[in-house]
Amino acid sequence: MLHHASFNARDQQAVASVLAEMLVATAVRAPSPPFPEGAWFVCLGDDFGSLIEILPCGTVLDQQAPLGIGFDPNMRLRSGSHVLLSTPNSTETIQGIAARMGWHSELIDARLFKVLKVWVEDETGRIPDARDRTAIPRDIRLGRHGDTRRQAARAGEPDGGSACRQGGEPVGPQG
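So in numbering that gives the first Met the number 0, spot 25 of the sequence shown is number 24, and the numbers just go up one at a time.
Hints were generated in silico from the structure; no laboratory data involved.
In this text the structure is predicted, and so the values were computed from the model without any measurement.
Treat the hints loosely; a few may be bogus.
[To be verified] Each pair of labels, with its calculated beta carbon distance range:
1) I68 to F47: 22 to 28 Å
2) L76 to E105: 17 to 23 Å
3) G57 to S89: 31 to 37 Å
4) H103 to D71: 35 to 41 Å
Glycine residues also receive a C-beta, built at the ideal position from the N, C-alpha and C atoms.
Please construct the entire structure, taking both the sequences and the accompanying hints into account.
Right, here's the structure in full:
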């Protein structure tokens, strides 16, 4: 089980809000500290507090830095990182949102399933892949979309077990 993935973006709030729209999730400003100033979470709304962490460009993991978070002003914008996520939205809806943002999207047939690749902020190698849950055979569905209303209702629980449940003010679709 994957509880969170993180990647960098130039406009963290905009990226988090758009991904929240695509995934029918909730964008929340990450508490700073311990997270870098400007970081955002996309809370997926499942029972485990799964999230996508959107970090400012240049933020790197560095064991020598305070809290293990450093800054590299020369960080490459392209990478091999990507994540496959399920969404209740249709492929057409995701393509429309991507087009509105000027982000490239491409429907790929991976033989076992089809996946819509979306290039976040268009020029980078960061690609969240979205799968329309209605088009996925049951035996290969890897993801599960939770109820964001349940997640939002738990936002104030001190024992929530997830930074999403302890984060700041939600932004975007509330379920």
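Assessment of proposed distance window 31 to 37 Å (beta carbons of G57, S89): Holds, since G57 and S89 (Cβ atoms, about 35 Å apart) stay within the stated range.
query: So the hint says 35 to 41 Å: do the beta-carbon atoms of H103 and D71 match that?
result: At roughly 26 Å between Cβ atoms, D71 and H103 fall outside 35 to 41 Å, so the hint is violated.
- prompt: Does the Cβ distance between L76 and E105 fall inside 17 to 23 Å?
  reply: holds, 19 Å
message: 22 to 28 Å was suggested as the range; check whether the CB atoms of I68 and F47 agree with it.
response: Cβ of I68 to Cβ of F47: about 23 Å, so the range 22 to 28 Å holds.
Violated hint: 4 only; the structure is consistent with all others.
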